[in-house]
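Protein chains in written order, with the numbering used here: chain A, 1 to 160; chain B, 161 to 346.
These are calculated hints, taken from the structure and not from any lab test. Treat the hints with care, since some could be wrong.
Unchecked claim - Straight-line alpha carbon distances no greater than 25 Å define the calculated SDA-like cross-link-like pairs of lysine to any residue that follow:
#, chain 1, residue 1, chain 2, residue 2
1, B, Lys223, A, Gly79
2, B, Lys233, B, Ala310
3, B, Lys333, A, Glu60
4, B, Lys333, A, Arg57
Stated by the list, open to error - Sample of chain B residues at the chain A side, in silico, Cβ under 10 Å:
#, residue
5, Arg181
6, Ala213
7, Leu218
8, His225
9, His228
10, Arg229
11, Arg335
12, Phe339
We put the CB at the ideal spot given by N, CA and C, even for glycine.
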Amino acid sequence: MTEHDDGAEREGAAQMDETTFARALDRWGSRISQWPEHAAAARELSERSATASHLLRQAEQLDAQLSRLPQMTANALVGQRITSNLDSRRQVDLLDRLFQWFAASCWRPSLAAAASLLLGFVVGTGMPVAAEDSLAEELSLLVLTATIEVATEEEIADEF
Amino acid sequence: MSCRSDSSDEELLSLVRRGDRLAFAELMQRHLDPLHAYLARLMASRSDAEDLAQETFLRIWQKAHSYHRQRGKVSTWIYRIAHNLCVDTFRKRSEVSNATALETAYYPGDHLEHQAAREAHSRLASALAELPENQRAAVLLCQVRGFSNAEAAQIMALNLTALESLLARARRKLREKVFIDEGDSR
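The following block holds chain B by itself, in its conformation from the complex:
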């Protein structure tokens, strides 16, 4: 089997298991940016996100043999590895990061054409940053990365009810923050 851009993630990972660097590079090209974006928003730190993305992909290379298709999609497995690394990092670190500053650093503003859209983005970024980490992870996985509730529960090692409870609390807080602030500003 040769490594092609139309190969499935499962096919690529089975090649990675045998030490195929081209397959690994293809897998990395597919998942590095979305994973980095998830980690950056969850950790609210660009340097943490880069370190964790690097460690995640090195573990994929190292532990490719431990993936089993029965346990879910490759992307779910990858995010599970990344999420576990995040949890370890949260346990170790004590300082509070500034997610709003992170969003501004990434996007100085000229990417958004209208002032209103910039403000909406800023409100949402700050509301996201204020969520507890597990609620933020649930929202980012389901709403931003597009995982189903069941897949997100698998990534976060929770049962479906617990995941949906996190999502409900997170959406309620976001809605209150975004729309009430929006109402206040008018």
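Looking at chain A on its own, in the form it has when it is part of the complex:
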């Protein structure tokens, strides 16, 4: 313990009263040596104060009674039920782990691939069919061009 710690401990001893002691007992239990702080101050107070000493004795009795509560053993059938259900749980877990692995590590690349595929499909279906694949469309384009040309000649004739 450092000199500073000694000082703090002495200060704690000077400050500790029965109320603080009772509060600490409720918080940390009757084993004063295991208290995270103020242990020396508490020991000192319990030696000089009858009230603190009484509180400590009560806390010790309570802790002892709690630690003496009889053990409740489990029915032997519980163990058997657990071991007989292990296989079903592990199968469920494998699926669960596979899903979790997918969800944790593969969802980004999978989403990117799916988005690319969808975009390609949408763009592909929206595009006009290639000219060599559609004779009807080629003819309609030719007709349209001819109409435009005729219209242009008529306009020229009107002008002259």
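Starting from the structure of chain A, add chain B where the hints point.
Just chain B now, kept in the frame of chain A:
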């Protein structure tokens, strides 16, 4: 690595992770009774305790891969699983259980030699039963199961200050109930 009775919980759990049933059986043998006792007192029901203990161990088998040593001891992890199941059960159930009846059913009385000790046990059991569930869990974990305050806080997903506050209120109520009743009976 073979499964031996002197293997640590961590070693057993790493074997369980690979599907070793012997390691699982050893782990269950170590923890089933204490866990069942904790659950029985917390839930104040033997059948709930058995169901929850069963579910806890099946989850240990199922989720062994999710345990990480950095997060604490295996026992802390096990009680954390059990505690979460208890919280879910408390949310679902509405009836009030009778913990004193549970203690009597488990221990008809002949295990205690003296009348005074029987009465003290009965007073404590009834005082425990009257605590709110979270205070009862805190006392059972720290005083009965021997977890440190920090470990109990981890199990109950609380910070240390909140756990110690629960413990303080619980101990105060127990002390008042046990010692004041004791004084009244004399």
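Now for the hints, and whether the structure bears them out:
Of the pairs offered as hints, the one joining Lys223 (chain B) and Gly79 (chain A) holds, with about 18 Å between alpha carbons and a cut-off of 25 Å not exceeded. Between the alpha carbons of Lys233 (chain B) and Ala310 (chain B) the distance comes to roughly 12 Å, so the proposed pair stays at or under 25 Å and holds. Distance hint between Lys333 (chain B) and Glu60 (chain A) is fulfilled; the C-alpha atoms sit about 15 Å from each other, no more than 25 Å. For the hint pairing Lys333 (chain B) with Arg57 (chain A), the CA-to-CA distance comes to about 16 Å; that is within 25 Å, so the pair holds.
Proximity of Arg181 (chain B) to chain A holds as hinted, the smallest CB-CB distance being about 7 Å (cut-off 10 Å). For Ala213 (chain B), the suggested interface contact is upheld, since its CB lies about 6 Å from the closest CB of chain A, less than 10 Å. Interface hint status for Leu218 (chain B): upheld, as the beta-carbon distance to the closest one in chain A is roughly 5 Å, under 10 Å. Checking His225 (chain B) against chain A: minimum C-beta separation of about 7 Å stays under 10 Å; hint holds.
A least Cβ separation of about 15 Å between His228 (chain B) and chain A goes past the 10 Å threshold, and the interface hint is therefore violated. Among the interface hints, the one on Arg229 (chain B) is violated; its C-beta lies about 20 Å from the nearest C-beta in chain A, farther than the 10 Å criterion. A least Cβ separation of about 6 Å between Arg335 (chain B) and chain A falls short of the 10 Å threshold, and the interface hint therefore holds. At a threshold of 10 Å, the smallest CB-CB gap from Phe339 (chain B) to chain A is about 6 Å, leaving the interface hint in force.
Violated hints for the displayed structure, listed by number in ascending order: 9, 10.
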